[in-house]
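**Student:** Each chain, letter by letter, is given below.
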Amino acid sequence: EAGVTQSPTHLIKTRGQQATLRCSPISGHTSVYWYQQALGLGLQFLLWYDEGEERNRGNFPPRFSGRQFPNYSSELNVNALELEDSALYLCASRGGTGNQPQHFGDGTRLSIL
Amino acid sequence: SQQGEEDPQALSIQEGENATMNCSYKTSINNLQWYRQNSGRGLVHLILIRSNEREKHSGRLRVTLDTSKKSSSLLITASRAADTASYFCATGRNQAGTALIFGKGTTLSVSS
Chain A
1 EAGVTQSPTH LIKTRGQQAT LRCSPISGHT SVYWYQQALG LGLQFLLWYD
51 EGEERNRGNF PPRFSGRQFP NYSSELNVNA LELEDSALYL CASRGGTGNQ
101 PQHFGDGTRL SIL
Chain B
1 SQQGEEDPQA LSIQEGENAT MNCSYKTSIN NLQWYRQNSG RGLVHLILIR
51 SNEREKHSGR LRVTLDTSKK SSSLLITASR AADTASYFCA TGRNQAGTAL
101 IFGKGTTLSV SS
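Chains as they are written, first to last, in this note's numbering: chain A, 1 to 113; chain B, 1 to 112.
Incorrect hints may have been included.
[Said to hold, decoys possible] Some, not all, of what chain A presents toward chain B, calculated at C-beta under 10 Å: (1) Gly3; (2) Gln37; (3) Leu43; (4) Arg67; (5) Cys91.
[Claimed, not checked] Partner residues are not named here, just some residues of chain A that face chain B (Cβ under 8 Å, in silico): (6) Tyr33; (7) Ala38; (8) Gly42; (9) Phe45; (10) Trp48; (11) Gly52; (12) Leu90; (13) Asn99; (14) Pro101; (15) Phe104; (16) Gly107.
Hints are computed from structural coordinates only; laboratory data are not their basis. Keep in mind it's a predicted model, so treat the numbers as computed, not measured. Backbone N, C-alpha and C fix where the C-beta goes; we use that ideal spot for every residue, glycine too.
Can you build the whole structure from these sequences, using the hints too?
**Tutor:** Structure representation (structure tokens):
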């Protein structure tokens, strides 16, 4: 069974640009979560999608947005990039109920110059 | 915001020794999960323990949960150099599957 896949592995942008990160969940999983892991800040929840709908978002500004496609893959978009957006962005997918584990991809390392 | 705290923040042991990491959390939970992260990579799921469970085993891993104290522990027995990684606990608040809230992690170094 293929795991969660994320692309690209690395992304280098400059301030003010826009970034798009992609995630393919494990087959059969309908829920996709995005987390940010920035140095010194730990793992912070960004967005949760399920069945194509945004279910919840963390304490991040609106320039962080995303969507989930009919095949349950997902995109995270970050507009007007700032230096502090440099981080590892992790996608996770989950099947079944909330008592099932979330399975993570290897992440996209976003670097803002 | 972090739900809980892992303790210790860093742990260095020799191969063959046991490693114990603790996690405390603040609010009621539906489940608690432990993850491992090798440097700069994604998280690997280790164990999920439900709020009505007290102990769970998986290979060399043993997890306990004390909901009255809002705490959990992860024991790795007979550690190997390959166990060197950061370990995080994460709490799931409800059955609906809202986001996990992670602690800051314990960095484990196992030397041969």
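**Student:** Run through the hints listed earlier and report the numbers of any the structure violates, in increasing order.
**Tutor:** 4, 7, 11
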